[in-house]
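Participant: Chain residues, written in single-letter form:
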Amino acid sequence: MKLRYRIGLTVIALIVIPIVIVILLQTNRTREMTVSHRVEGIQSIARLLASSFPADYGEVIDTPAWASGGRLEKIAMLNSRLQPLVENTVRTGPAAGVIYYLYELDSIVAAEPYRNLIGEALPSDHPIQGAVHSGDLDIQKSPGHPYGVRGVVEPLVYRGRVVGALLVSYDGEAIMAEVRRAVLLDILWLVTAVVASFSTAWLLSKMLGDDLGRLRRAAKGTADALEFNFPEMAEVAGEASIAARERNFMFRLVDNLRFGLAAVDRDLKFTFVSDGFVSLTGFSRKEILGRSYHDVAARMRLPDGKSTDRQDSLMTLIRKTLQEGTSDRFRRRIIRKDGALVPVEIDLHPLYEEGGGVSGIMALVTSLAAEDDAKKLRDISNFILDSVQGGVMMIDSAERVVVFNRGASVISGIPASDVLGRDARDAFPDMGDADRLAQMTLREGIEFSNVRQSLLMGGSQRELLTSTCLVRDMDNNVVGAAVTFHDVTDLVAAETRAQRAERLAVVGEMAAGAAHEIRNPLTSVKGFLQLFRNRFQELGLREDEELCDLILKELDRIADIVTEILLLARVRPLNRTTVEVNSLARQIRDLALATPSGLEVVTELDGGLPPVSVDREQILQVCWNMVNNAIEAMDGQGTLTIGTRLVKEQKAVAIDLSDTGPGIKREDLPRIFDPFYSTKPNGTGLGLSICHRIVEEHRGSIEVRTELGKGSTFSVILPVGEH
Amino acid sequence: MEARKVLVVDDEPGIRLLISLVLSRKNYAVTTASGGEEALRIVGREKPDLILLDLKMPGLDGMSTLRILREDPATSSIPVLLVTAVPQKPEKGPSPEDLSQGLLTKPFDIAELERMVEGIFQEPRWAVS
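Chains as they are written, first to last, in my numbering: chain A, 1 to 723; chain B, 1 to 129.
Don't read these hints as lab results, they were simulated from the structure. Just to be clear, a hint being listed does not mean it is correct.
Stated by the list, open to error - Just the calculated beta-carbon pair ranges, DEER-fashion:
1) A/506 / B/37: 31 to 39 Å
2) A/628 / B/109: 23 to 31 Å
3) A/628 / B/70: 41 to 49 Å
4) A/554 / B/115: 19 to 27 Å
Source: prediction; values computed, not measured. The beta-carbon is built from N, C-alpha and C at its ideal position, and this holds for glycine as well.
Chain A with its partners taken away, still in its complex shape (with noise of 0.2 Å):
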């Protein structure tokens, strides 16, 4: 036989055979180990989503809207957060389906490719139930399972609490497919193998031939060398496209993750950063990778070229963790490349070699205050500042003007935009102490609770009710102060004529009785006393018959003062009748002039009032006396002016009795319609509360407009429609 088959043969015998035998062995752990990487890649994916599953699901349950919603609206609020990363994650491979199903709305919030399952309700034999209650979190691989479910749960865990449940499925045929192409690969390796050594020994046998020794030496060398070799050179290849898939699926993971992520080693030079890390400091890739912290935290400086003391702190828990192999997290505020300060939640990860020694840090950086997050919590703020009642202002540290919500605006009657940004001091000149109460508490750190304020705002006094509180960061720094105040104008003007009315309600029940008890005797006195007075007159005792009459006047005085108390505290039904107003104005300057006052009587009639339906008497009884107040007011000179007009916006019609006299002091004007007010000397003080009283009645009002030293006006309000 030729030295060139022997060593074909020997090559056969001593190389193809052990290869083939090896690379069979191979294919099979070739199949195990496609299969395990798959799964255990599944098994991160699942793992990685659900880390981040709290961080959405905690922003999407802390808004008012989630608290408000519905079934539905809470699965669809879920649903717009989670489905994008769902989608990307199936698109990116090598997940085939990912399903989040939460218990509390008992409904898959967010499923890809099987959007249809979205909103539906799990069958409770499903195994993602099964598997979670019963931490049993792999499921059964089984081909044959009703549900074809082939894949990991891992449960979604919020604040210590399963919430749901993450079902990251895969594609048995899309594996098997792959595990074929790899042992496929290794058939063809084989075959290389099996040509190359062919082809080695063919030439060797050829170079070699005159030499057997050093041939068979030659050629035992290269067959150990290739039995020993390509096996391995093999199985490296195979797992080296895997692998390489593997890493570069999750490199696009890690860089699809919303918080940033970032890896240094034990000299603290950073070996690792993520998307969301380069994103989140500014600093590109290239200023970071290879650098060490200390070097990148130096750049970390405020636009005026400050750094923060804070920087060094987060050096001390950095060394910690990597000294002591903790974990930490806690919440800083970082200095991104362009100066900005941005809050950020770090969590600190060891990092271990294979000998358990610290090798370095992961950090995971979450913004706690991404811009567009900022930006919806600035509008949501700024609605809810807009929708409250109240007026609600802030001053920053310099006291400017941060905060004016549309309830000052609409308070103070000062548009936001001539505030905002304004020194507080020079934003409201007209405002007296209202300002200062801020101020007060920014520089002495006083807060105060509920101070009545009476302030002169639009040309018209307005009561307020403010409190102020200082305002403060997340680390509890004084940023500034803010003020609500709330209109208590109206209330307390409903107040006092409530304690009017109650006022008047004593006096009523008194005078039903005092009335009474006073008439009686009166009534014996006053008629003897005429008896008297008539055998005066009959004797012709003239003097004393004057005396009985001078006395006979004062009983009458207190007749009339019993009279008027019993009028104000009678409630006696209204006699309605259609008046027109212009009439009942004409008979009342037909009254005056009838008086021998001497004064100038003008009237100035709105020709088209509607009729109203009041009682005539009692109406014609009011302006009557505020017409004899006018008259006495004005002292025999002067302009009594009688008027009608609409107005409009309270449906009604006013009566306007207007006089030329002193006016009404501003002390006496709140008092005037109290019973048993008077500024005349021989008032009862009772007139304008039965006035009051009548007019109240009729569900109408009387408005005063004084001006000293040129006179008054009462108007006398009557509604239109009212019966």
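For this one, chain A is given, so just place chain B on it according to the hints.
Facilitator: Same frame as chain A, now just chain B:
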């Protein structure tokens, strides 16, 4: 002609005295009662031609007395003049004015009292034959 009999009902002795004095001088035969029960006893005994009835009295008040008088056929046609310090309308049912021949509000002039009493007897319907 026999003097006309007037019954004055009032819990105030001063007013009973005053009205008695005024009407006696006008030649009326005046009897007085201090309350509703006493008045009804006197009416049953003496058949007065006119009753002056105070509305607010302790015990049987004027309005109740008036109703009893009006419900009894023997007394329903006796004219009644009401006297009161505080006129009040009842929430339901006929007002005192509807059941009587007039109302005198205290404090009244004695001339007014005389005029109203005379007015009653000039009314043909109440004329006694």
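Participant: Determine for every hint whether it applies to the structure shown.
Facilitator: Evaluated hints:
1. With their beta carbons about 35 Å apart, residue 506 of chain A and residue 37 of chain B fall inside the hinted range of 31 to 39 Å.
2. Range check, residue 628 of chain A to residue 109 of chain B: Cβ separation about 25 Å, and the 23 to 31 Å hint holds.
3. Checked against the hint of 41 to 49 Å, the C-beta distance between residue 628 of chain A and residue 70 of chain B comes to roughly 43 Å, which is consistent with it.
4. Taking the beta carbon of each, residue 554 of chain A and residue 115 of chain B are about 24 Å apart, inside 19 to 27 Å as hinted.
Of the numbered hints listed earlier, not one is contradicted by the structure.
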